[in-house]
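Chains as they are written, first to last, in the working numbering: chain A, 1 to 274; chain B, 1 to 165.
Note that these hints are calculated values from the structure, not bench results.
All C-beta atoms, glycine included, are put in the ideal place defined by N, C-alpha and C.
Each hint should be verified, as a subset may be incorrect.
What the hints assert, rightly or not - From chain B, some residues computed to sit far from chain A (all C-beta separations above 10 Å):
1. T45
2. Y50
3. D76
4. W85
5. K108
6. T119
7. A145
Claimed, not checked - Below, simulated SDA-like cross-link-like pairs (lysine to any residue); rule was C-alpha separation at most 20 Å, straight line:
8. B/K108 with A/A170
9. B/K108 with A/K163
10. B/K97 with B/G153
11. A/K163 with B/P83
12. B/K108 with B/L133
13. A/K163 with B/L133
14. A/K163 with B/T17
15. A/K163 with B/K97
16. B/K97 with B/T17
What the hints assert, rightly or not - Residues from chain B that keep clear of chain A, each with C-beta distances beyond 12 Å, as calculated:
17. S51
18. E93
19. E96
20. A101
21. P122
22. A126
23. A148
24. C155
25. A156
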Amino acid sequence: MSFDNAYEALTEDNDARWAFGTGFADPLAGMDTTVPSTVDATSLAEYCLHLGDDALIMSHRLQDWCTAAPELEDEVALANIGLDLLGQARLLLSRAARADPSLVPPVPQSEEDALAFFRDAHEFRNVRLVELAGDFAFAMAQLLVFSTWRLALFTALVSTEDKVLAAIAAKGVKELAYHRDYAAQWVVRLGDGTPYSQERMQAGLDAVWPYVDELFEDSAHVRAEFDSVVAEVCEAATLRVPVVVMAPREHTEHLPAILAEMQSVAREHPDATC
Amino acid sequence: MLATSVGTARAVAETVTDPELPMLTLADLGVLRDVEETPSGVIVTITPTYSGCPAMDAMRADLMVALHRAGYPEVDVRTVLSPAWTTDWITREGREKLAEAGIAPPGKAPRGPVTLALTAPPSRVACPRCGSLDTRLLSRFSATACRALRQCGSCAEPFEHVKEI
């Protein structure tokens, strides 16, 4: 391929040279997304939206660590974990949109873009855990709780009736296993480190804990596994598993700020991607 | 699945290389799942390595271009998520090409229930430069989602390792 000027090169369709293309194709391209007759399409869509929003907002939180993590290796690791979750979010938002198109805001953008960029905070279904921000110890506690819960949930979803969701879950399990190990190893390193690192790590766990109960409101079946993994990590890390009451139910004040950052370009330039 | 397809469209698709590991073809990597010639065109099926693999669009575009140039005007590139990609699908030839490029190929992928690893597992990864097994994990995540970063204790060189999944 050769071009007379850079503008021509940029505007060519299907150009694979610009950081993996100038557009994002449908992540479910060519897949059979028919909802099984025994599954309620709206419930399936709402559930996928919830799982997709969790991944989308958590991914955004992890991206905050780009240029801010303690070491370059951890910056790369957190960006990679964020990328895995962004991929899960794309698949899940697309799955939600195919199952029940009435959930998608009526804008010309692709279904996943419409859901990510053209809903307001009160329409997001994510758990509040993923909205929170703090220091590195807090981030590791947050990632340990999130990936332990999600790994247990996805492991159970591998045998769910909807084949698309089951496939997304089976793929996610492999990724989440790496995410959980990464967070667990940091929690052990900091908890079982110096008295000062232990104090910071315990503070991180304590700050995350009011948001744990919410995770199990519609997934009580994986609570036992979650508790057992967290207990194992905390024991190795010489930390106590906190006992606290659940935080208030509303989205935290962080969410509108996250969305303002994430959505501003798409809303300012609605024709940029379609 | 692979055995049912015939024809030269498959041969063309098998020449397309991976955008991030250009020493490997998509077939070497195991992401090219099927190539089928039908009366209405060629149907190519690919699977992502990781959910967030940003190279899927580039793979799709490269497959389209290669097949168009080979005289197949109608090409449909489809995604399949199940069964999920595993490094066990990287061919023997693919593993040799990785090693030649200084990237340690993956060992056998873990099977069965997921286990929690609180410490890095003992090294079974040989340094692609000097062959020493005395290598340590620097980071499980590297330039791409599928690679980990390791360092050799014998020759001190850092190197990448396609981690088992």
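Each hint, compared with the structure:
Non-interface call for B/T45 relative to chain A: violated, since the shortest CB-CB distance, roughly 8 Å, does not exceed 10 Å. For B/Y50, the requirement that its beta carbon stay farther than 10 Å from each beta carbon of chain A is not met, with the minimum near 6 Å. B/D76, annotated as away from the interface, has a beta carbon of chain A within 10 Å; the closest lies near 7 Å. Residue placement check: B/W85 does not keep its beta carbon more than 10 Å from all beta carbons of chain A (closest about 8 Å).
A cut-off of 10 Å between C-beta atoms confirms that B/K108 is not in contact with chain A; the least separation is 14 Å. With 10 Å as the threshold on Cβ separation, the claim that B/T119 sits away from chain A is violated: the shortest Cβ distance comes to roughly 7 Å. Listed as outside the interface, B/A145 is inconsistent with that label: its C-beta sits roughly 5 Å from the nearest C-beta of chain A, within the 10 Å cut-off. For the proposed pair B/K108 and A/A170, the alpha carbon gap of about 18 Å is at most 20 Å, so the pair holds.
Straight-line distance between C-alpha atoms of B/K108 and A/K163 comes to about 27 Å, which puts the hinted pair past the 20 Å bound. At roughly 23 Å between alpha-carbon atoms, B/K97 and B/G153 are farther apart than 20 Å, so this suggested pair is violated. Of the pairs offered as hints, the one joining A/K163 and B/P83 holds, with about 11 Å between alpha carbons and a cut-off of 20 Å not exceeded. A threshold of 20 Å between alpha carbons decides the hint, and for B/K108 with B/L133 the separation of about 16 Å falls inside it, so the pair holds.
The hinted pair formed by A/K163 and B/L133 fails the criterion: a straight-line CA distance of about 42 Å is larger than 20 Å. As the CA atoms of A/K163 and B/T17 are separated by approximately 30 Å, the hinted pair breaks the 20 Å bound. A hinted pair counts as satisfied when its Cα atoms are at most 20 Å apart, and A/K163 with B/K97 does not qualify at roughly 35 Å. About 12 Å separates the Cα atoms of B/K97 and B/T17, which keeps this hinted pair within 20 Å; it holds.
Residue-level check failed: B/S51 sits 3 Å from the nearest beta carbon of chain A, not beyond 12 Å. For B/E93, the shortest C-beta to C-beta distance to chain A comes to about 24 Å, beyond the 12 Å cut-off, and the non-interface label holds. Distance check on B/E96: its Cβ is at least 25 Å (rounded) from any Cβ of chain A, clearing the 12 Å threshold; non-interface status holds. With a cut of 12 Å on Cβ distances, B/A101 stays outside the contact zone with chain A, its closest approach being about 20 Å.
Every Cβ of chain A is farther than 12 Å from the Cβ of B/P122; the closest lies at roughly 15 Å, confirming the non-interface assignment. With a closest Cβ-Cβ approach of about 21 Å to chain A, B/A126 is found to remain outside the 12 Å limit, as its non-interface label requires. Some Cβ of chain A comes within 12 Å of the Cβ of B/A148; the nearest lies about 9 Å off, and the non-interface call is violated. Separation of B/C155 from chain A is adequate, the least Cβ-Cβ distance of about 20 Å exceeding the 12 Å criterion.
Every CB of chain A is more than 12 Å from the CB of B/A156 (nearest about 17 Å), matching its label as outside the interface.
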